[in-house]
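Colleague: Given chain A's structure and the hints, the job is docking chain B onto it.
2 protein chains.
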Amino acid sequence: MGRWEPNASGRLARAALELYLERGFEQVTVAEIAKRAGLTERTFFRHYADKREVLFAGSGQLQELLVGAADAAPGSAAPIDVVAAALLAVSAEFQERHEFARQRQAVIAANAELQERELSKLAALSAALTQALRRRGVAEPGASLAAETGVAVFKVAFERWISADDEQEFAHYIRESLGELRVVAAGA
Amino acid sequence: MGRWEPNASGRLARAALELYLERGFEQVTVAEIAKRAGLTERTFFRHYADKREVLFAGSGQLQELLVGAADAAPGSAAPIDVVAAALLAVSAEFQERHEFARQRQAVIAANAELQERELSKLAALSAALTQALRRRGVAEPGASLAAETGVAVFKVAFERWISADDEQEFAHYIRESLGELRVVAAGA
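In order, the protein sequence lines correspond to chains A and B. Residues in the first sequence are numbered from 1 upward in steps of one, following this note's numbering. Residues in the second sequence are numbered from 1 upward in steps of one, following this note's numbering.
Simulated from the structure, these hints should not be mistaken for lab results. No false leads were mixed into what you were given.
Each pair may be met inside one copy or between any two copies, as identical chains are not told apart.
List of simulated lysine-lysine pairs, DSS-like, C-alpha gap at most 27 angstroms:
hint : residue 1 : residue 2
1    : 35        : 51
2    : 51        : 155
3    : 121       : 155
Excised from the complex, chain A in its bound form (with noise of 0.2 angstroms):
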């Protein structure tokens, strides 16, 4: 075993972000990377499969934090606001990241590869969301609906907080999408 680095894993994701930016995804080694950050590529492979688990490693622990979050709602609460708990509750959690998840995004922009990965954590979080919503009785078609809508907000929400010049947070975006969400949908 290697000695142990103080935060290393945060040390390397910080690394690799800066490096695929300067010189684009594709052409970044794990070497390069564990240099950047003053490690080893053993110590690399302790944290992350590969250099794509650095912009991915989080998703596993954001669909907890959304799915205890919806699980967490009041019996009572409608679907849409169970889904708006979980959406706030995810907002928290990204708000400490601003800059990490602005870098990250102009990477995943850049890379249709890394767009389909992106995507497909999104609907892996909306299927998720939509098995809470189950599981608290809601029937379908309105589950999925919720959930998928529930996705809407949250990629509409954090399109505008990553590309914005105030300093308003995350929650303030998802809030602003979900009263958007309601005039879009009364239109009708």
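Modeller: Chain B in isolation, oriented as in the chain A frame:
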């Protein structure tokens, strides 16, 4: 140039789907598809770039149809009504290909790479619809949210249509999902 084969692309698509369902997408070769269709490999490649394109060849046309219907909606239409008109136009096109759509979905559901590709196509539809709404003067985040919500409605309706035992048209499920969207959003 080979000789012209009547409806070669349709015969190839049917043969490909049969084989993908029988043996799994990965296992099937273009040579086998051509043989099953009673055509040559050369004819296959005159119609499709590769075996994956058999499943996604219609997506450009679908996007044109969607955007065309959005552009053709009355200037006074609310964003969600523009989206509804676009989805209903698309649903009419799907209606004649129920069995193809059902089989195609089963093939895609069994293969992670095809699923990512499908999600990517849906994201492209959403982006095209967002642009169509912006051209009509719909501001952000309304345009993105209406488009993303429209794709959510489409996904849920599609899933229900292809898994339903009844003889309801796809348009029925689009209307059902749009109605459910109003209920979901109003609960907020």
